[in-house]
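Protein chains in written order, with the working numbering: chain W, 93 to 470; chain V, 112 to 398; chain R, 10 to 274.
Take these hints with a grain of salt, some might be off.
Beta-carbon label-pair distances, calculated as ranges [as the list claims (entries may be wrong)]:
#1 47(R) <-> 124(V): 39 to 45 Å
#2 165(W) <-> 75(R): 42 to 48 Å
#3 152(V) <-> 183(R): 53 to 59 Å
#4 68(R) <-> 152(V): 30 to 36 Å
#5 204(V) <-> 182(R): 54 to 60 Å
#6 183(R) <-> 204(V): 53 to 59 Å
#7 83(R) <-> 177(V): 51 to 57 Å
#8 262(R) <-> 257(W): 38 to 44 Å
#9 135(R) <-> 247(V): 55 to 61 Å
#10 139(R) <-> 152(V): 53 to 59 Å
#11 238(V) <-> 180(W): 52 to 58 Å
#12 184(V) <-> 231(R): 30 to 36 Å
#13 254(V) <-> 231(R): 24 to 30 Å
Coverage of chain R stretches by chain V, computed from C-beta distances (three or more under 8 Å per stretch; other residues unrestricted) [as the list claims (entries may be wrong)]:
#14 59-72
#15 84-95
#16 163-171
#17 202-216
#18 247-253
Straight line, CA to CA, 20 Å or less: simulated SDA-like cross-link-like pairs of lysine to any residue [stated by the list, open to error]:
#19 203(V) <-> 97(R)
#20 131(R) <-> 359(V)
#21 118(V) <-> 190(R)
#22 203(V) <-> 26(R)
No lab work stands behind these hints: they were computed from the structure.
Note that beta-carbon positions come from the ideal geometry of N, C-alpha and C, so glycine has one too.
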Amino acid sequence: MVALRLERVTKRFGRVTAVEGVDLEIGDEFFALLGPSGSGKTTVLRMIAGLEAPNQGRVLIDGADVTPLAPYRRRIGMVFQDFLLFPHRTVAENILFPLRMQGVGAAEQRQHLDWITQLVRLIGVEDRYPHQLSGGQKQRVALARGLVSRPKLLLLDEPLANLDRELRREMEIEIRRFQLALGIPFIYVTHNQEEALTMSDRMAVMRAGRVEQIGDKLDVYHHPKTRFVAAFVGANNSVAGTVTALADRLATIDWHGHAVQARAHAGLAVGAQAVCYVKSEKIAVEAVADTDTRTQTQTQTDTGRAAAAAITGTLRDSIFKGHYADYLIDIGEGREITVSGPPRSDLFSHDRPVVLSWAAADADAFPADPEPAASREA
Amino acid sequence: MIGPVAKTLLLALPGLSFLVVFLFMPLVSIVIFSFWRTESYELIADWNIDNYATLFSDVTYLTFLVRSLVMATAVTLTSLLYAWPVAYLIAKHGGRYRLVLILLTAAPFLTGEILRVTALQQILGPIGLINMALGHFGLAPIRALMYSNVASWIGLTYLWMPFMVLAIYLSLLNFDFQLMEVAKVNGARVWRAFFEVAWPLNMAGTVIGCVLVFIPTLGSSLTSQFLGGPNGALYGNILAHQFGATGTWAFGSAMGVLLFAVSLAVTLVLARAVRDFRRAGITIKEG
Amino acid sequence: MRQTVFGLQVVMLIGLYLFLYAPIFYIIYVSFQTNNIWPFPPDFSLHHYQSLLGLRDFHAALFNSVIIGGATAVLSALFATMAAIGVLRYRTRWRATVAGLYLAPLFIAHILIGIASLIFNKSVLGLPGNLGSAVIANATYATAFAFLIVLAQLARYDWRLDEAAMVFGASPVGTFREVTLPLIWPSVLGAAIVSFLMAFNNLEVTFYQVGATPTLPTLAWGELRHGISEELYALTSLINGAVFLLLAMLYGLLRSGVLRVEYRD
């Protein structure tokens, strides 16, 4: 069932087009809107809330066109960045604000308060003021206020951006739990792909006011459809070169004498420039003896598949992160590749010659020119 | 649905129309009337430049103007020199008493000019505390305090220095005092650090303070009337006179226009000090 | 060196307070003495206050000044609050212009406001000088001061709180009543108090508007021309007392937390 539908929604601020022709259909699911700052994701959320009016297009909630409705007539819940609790109201007053605005009776307000404080585990602080709460408690109050009136959908605008890392992990799981408990659509805006991947069922990646790709989160992660998504989602490495062969949906790219294979995407042509992206955890790395350094080898990967590419390089540094490690490998020509994998004792000595390889199906090749590469998220 | 520009203008409109009708239009009207003449307390629309001719040819008026300019400069400089250390102290070391300390410097301002001059006269005048005390101990009174330009200077500083303190204080509130530490760690001595960092970064506040002291002092009449004595009349007194006994409104208008022009010129000259906003401690927030 | 500079600053601050308050405290002291000229040793008396109450026009002047102050406060606080919201709530390119126009009166000498209003009212609008024209003339510069005060406080207000209220079902009026006003009224009150006091005590603008109608400052001016009269001791003391009482009340409210001035938690 479609709870929310956006039809060709466009928003301009003066000469700047913040959102252009966005179509979305969201059911009773956890939906993430992921994008870098300035991609228009928050504007999309604000148009759903009614805080901005689209220049073109329609917003439909449960099939009803709400485009002309003011925010206070839409009956939706929202959790804001920085919480935005009313500083002159107690926790209980903050939580009950939406019910009071709807003219709900006192007894019913009490019931809702009991229910929601239990759901978000916020008991015993009802009479405190926001400035007396910890960051986590404020977050829970903000969530309780968003959910107390059992809205048709909940919008979340980077709600975890100002929490420390530990608390963020905890709240990610909690928020996911609330969505499963209530079964209403949660629309979650974030620039943090980890949050989006952790919490959502489906996600949309936005760039420059447009939706680049929309789909199941695993699909978006493993099968990027555009060069931007390939560069933005996940920890990525890229090599650029000339396409030497195109066959069977596979492209072969020449990178300084190495033949690199990857899935071919639209717009590639033999002889044209291409960029090939591969996620750092999909690269296999093997230490080799010094004498092998400059010879191209055809190795076997762990899974036994024929490697689509093999590049030699020098291990510059290993960054131990506990349950995994990042290996920084200099492959010459000023390029450095990051490989993530289990910590290995044989890869902790610097300046070792290594061989990198990955399966063709794990790499994606896009035409080099039309779109500038996105800066990777830290 | 109306746009944000319309909302801003709509909210500003009542006050703006009020200011236009009751402040800006009256100010424009005195420019017009300054080219008229007055006949038996009535303004006559007889266009001429006689008022300005008199104003610029009669050395008396220019003398008063120069005296007011000197007085305003002296008062502004005194206030500036005194206000900076005080404002700096309150802003940096005031802690939780900052607000009360600064309010105490500003509070007397609200009792109004006439009552403040009255209180001051009880200290400075011939029967004031200082000279009475001197006489009581058999000492000669200090003549400079009684009905003199010095008394006016003290009085005007008393009246307007709070503005300077307030302006510099407000500017210092947004000043990061750690920058002074940075300058010192990098080898600047106390005064060098002050003039390299604190002074330029609070230039805008300082200039606003100077203008807020200079302008009312330049146009002042009450203080000199009651503290200045027979030789202490300032430009403001002569201007006020045109609207009192003589009733020469057209000439008074010309005097007012000249006062306004001089104030504006001084403001513009001072504002040149903050031509580059980024170097004067003003950060313009984007968005 | 550092200690010396700090010591000098402290001495200068104390010097400033002495300079500002010695005349005020001395005149209050004298107002309770029999001898105005050399009131030592003290000889307590209330006769200055008795002569003030007996002064013809005193009650009328007090009443007129309260009217001028009160009406000016209402006008200025209203104009200033609306404009400050307009400037800060909607970040348009007009806001610098609007703010500049509202602050312009700060840079105009009071005597100019006084004479320009006098001439304009009489010669262009044909209005006689009365309390109404005094309110109008005082409200010009008072609006600028009020605007500055409200603007300084409101700059810290987080307007997204209003958006939050709207999303949770509050209409624009409801939002203003439930969220905006409860959070900003201390600054509005502060602006109104300052405007009241400035207009109440103003002479240089009021003088040219009221004609023969007495106000406390014009009364004081008339008295002061013949030296400090007995009534003036009492009047100066009373007004100073009232001003400080009012400011102390406002400060107490701010400190006790009845009025909250911090909006962001």
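Hints, one by one, checked against the model:
no.: 1; hint: 47(R) <-> 124(V): 39 to 45 Å; result: violated (58 Å)
no.: 2; hint: 165(W) <-> 75(R): 42 to 48 Å; result: holds (46 Å)
no.: 3; hint: 152(V) <-> 183(R): 53 to 59 Å; result: holds (57 Å)
no.: 4; hint: 68(R) <-> 152(V): 30 to 36 Å; result: holds (32 Å)
no.: 5; hint: 204(V) <-> 182(R): 54 to 60 Å; result: violated (45 Å)
no.: 6; hint: 183(R) <-> 204(V): 53 to 59 Å; result: violated (45 Å)
no.: 7; hint: 83(R) <-> 177(V): 51 to 57 Å; result: violated (42 Å)
no.: 8; hint: 262(R) <-> 257(W): 38 to 44 Å; result: holds (41 Å)
no.: 9; hint: 135(R) <-> 247(V): 55 to 61 Å; result: holds (58 Å)
no.: 10; hint: 139(R) <-> 152(V): 53 to 59 Å; result: violated (19 Å)
no.: 11; hint: 238(V) <-> 180(W): 52 to 58 Å; result: holds (54 Å)
no.: 12; hint: 184(V) <-> 231(R): 30 to 36 Å; result: holds (32 Å)
no.: 13; hint: 254(V) <-> 231(R): 24 to 30 Å; result: holds (28 Å)
no.: 14; hint: 59-72; result: violated (count 0)
no.: 15; hint: 84-95; result: holds (count 8)
no.: 16; hint: 163-171; result: violated (count 0)
no.: 17; hint: 202-216; result: holds (count 8)
no.: 18; hint: 247-253; result: holds (count 4)
no.: 19; hint: 203(V) <-> 97(R); result: violated (28 Å)
no.: 20; hint: 131(R) <-> 359(V); result: holds (14 Å)
no.: 21; hint: 118(V) <-> 190(R); result: holds (18 Å)
no.: 22; hint: 203(V) <-> 26(R); result: holds (18 Å)
Of the numbered hints listed earlier, those contradicted by the structure are 1, 5, 6, 7, 10, 14, 16 and 19.
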